[in-house]
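With the hints as constraints, model all of the structure from the sequences given.
So the sequence lines, in the order shown, correspond to chains A and B.
Numbered according to the working numbering, the first sequence spans residues 1 to 260.
Numbered according to the working numbering, the second sequence spans residues 1 to 192.
FYI, nobody ran anything at the bench for these hints, they're computed from the structure.
Wrong hints could be hidden among the right ones.
[Claimed, not checked] Think about it this way: if two alpha-carbon atoms lie no more than 27 Å apart in a straight line, the pair counts; the simulated DSSO-like pairs of lysine-lysine are:
#: 1; chain 1: B; residue 1: Lys177; chain 2: A; residue 2: Lys98
#: 2; chain 1: A; residue 1: Lys174; chain 2: B; residue 2: Lys134
#: 3; chain 1: B; residue 1: Lys177; chain 2: A; residue 2: Lys140
#: 4; chain 1: B; residue 1: Lys134; chain 2: A; residue 2: Lys181
#: 5; chain 1: B; residue 1: Lys89; chain 2: A; residue 2: Lys175
#: 6; chain 1: A; residue 1: Lys103; chain 2: B; residue 2: Lys89
#: 7; chain 1: B; residue 1: Lys152; chain 2: A; residue 2: Lys181
#: 8; chain 1: B; residue 1: Lys103; chain 2: A; residue 2: Lys181
#: 9; chain 1: A; residue 1: Lys175; chain 2: B; residue 2: Lys177
#: 10; chain 1: B; residue 1: Lys154; chain 2: A; residue 2: Lys181
#: 11; chain 1: A; residue 1: Lys60; chain 2: A; residue 2: Lys181
#: 12; chain 1: A; residue 1: Lys49; chain 2: B; residue 2: Lys105
#: 13; chain 1: A; residue 1: Lys49; chain 2: B; residue 2: Lys89
#: 14; chain 1: A; residue 1: Lys171; chain 2: B; residue 2: Lys134
#: 15; chain 1: B; residue 1: Lys177; chain 2: A; residue 2: Lys129
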Amino acid sequence: MNVFNKPNSETAEITLIGTGGGYGESVVIHLGNDDWVVIDSFKNPVTGKILPLEYLEKIKVDLAHVRLIICTHWHDDHIKGISEIFEACKNATFCFAKFSSLKQFFVFLGLGELKGEKLSQSCTEEFNKCIDLINANGRKVVYSSIDRMVLKTDSNNGITILSPADATHDKFEKKLGELIKIGRDPNRELLPRSPNHLSIATLLSIGQHYALLGADLEITTDKNEGWANIIENCNAIKSIKSSFFKIPHHGSSTGYYELV
Amino acid sequence: MTQNNSLSQEDKFYHTDIFETTNINTVSRGLGDYLQSIIESSKFDISKAEYEDEFEYLDNIEGDISTIVNYMFAQRTFNLNVRALCLQKWRGIVTDINEDGFKAKLEDLTNGGSYEIGSFKMDFVPIADIEMFKLGAIFYWSIGFRTINYTKEKFSEVRFQRLPQISDEDFDIAMDKGNEKYDFLISANECI
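Next comes the structure, spelled out in structure tokens:
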């Protein structure tokens, strides 16, 4: 099977790009009937090309058929190039986590934009560009929340959000002050820190099959967060069995939860 | 002495600082006389014969005479015949700090490509930059060869980034921009 053949309309396909290499991760999904979804993005460290976009173009997908782009979190290895994909896929809706302190998070983004303009590059630059596209061009946005189906196709295939948990949102609000302090320092960069509780894990439903896509979600001692929260509290996964599981956090042991 | 027909802006600025006094009016007497006056005022530690031997080429150089003389003066007096060739440069970010040292994510600025993770001892951090050393701190690591007074030596230099802090005014601008974006996003867009 040639991996660079476009699947036919009756074939669902999940393409994992990068996942184990350490430089980035992206998932490109064909839900059938030429409905496509892109989760995260990263760039080839040597060529600088945006890999999920390159893949879609290689298999000759009409980018107008990309329905949804999910930004699971804003770490470098998941977000680089996502604004260009969003711009190129004119009909795609942008999905990211909404939390109560989103307004404060935008202050943090504002600092990132200032740094990007004057001082140093920042992963927030990508997020800023996506927000600018939404605001300037009326592009659609959908916020993630647990058990929310963010996309449902005509053939009843879809994507449901499993995380982050409400408890994670609350904790993040408290951390934002620290983030803004670091964001204000031009001589420091934010470090992606474990655990990645803010990461959006998703459940893909295609016909009778389910696929669990773990993004960078990790385990935690707090049962109200991470994978423990999904197992305990997510209705979407109750009484279903996935036939595919994209291991979280690039195969790190911190992504392993026995009950999954 | 090395013949150098063009000076960088940095050189010109630096050497203007060093050069103490000169009577620019002496330029009208011609280059040779001008330099002669400098020698006679003991700002140069060369003999007349050395001067004639080394500086005769100056008659053919176009440019600001005071700048040229500044450069020569600085070179001779402060032995600033320095050239450096940087062979490899990285941009690093401190990712972990422990008792023995620290780890950093290194971006290759010379050859590009993917990043690397390096482990370093604490004495890698220059004493002058200790205050900048913290998690997330950005530094630049250069390796190459340097020639000082015709002696070639290897160098490995680390400098932590020291950009000016974001002012309160800029912070307010960033905050206003962020608030504006948020307000527009919430009010103007459909949510599916």
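Hint-by-hint comparison with the structure:
no., hint, in the structure
1, B:Lys177 <-> A:Lys98, "19 Å, holds"
2, A:Lys174 <-> B:Lys134, "21 Å, holds"
3, B:Lys177 <-> A:Lys140, "20 Å, holds"
4, B:Lys134 <-> A:Lys181, "14 Å, holds"
5, B:Lys89 <-> A:Lys175, "34 Å, violated"
6, A:Lys103 <-> B:Lys89, "39 Å, violated"
7, B:Lys152 <-> A:Lys181, "44 Å, violated"
8, B:Lys103 <-> A:Lys181, "22 Å, holds"
9, A:Lys175 <-> B:Lys177, "21 Å, holds"
10, B:Lys154 <-> A:Lys181, "39 Å, violated"
11, A:Lys60 <-> A:Lys181, "45 Å, violated"
12, A:Lys49 <-> B:Lys105, "21 Å, holds"
13, A:Lys49 <-> B:Lys89, "23 Å, holds"
14, A:Lys171 <-> B:Lys134, "24 Å, holds"
15, B:Lys177 <-> A:Lys129, "13 Å, holds"
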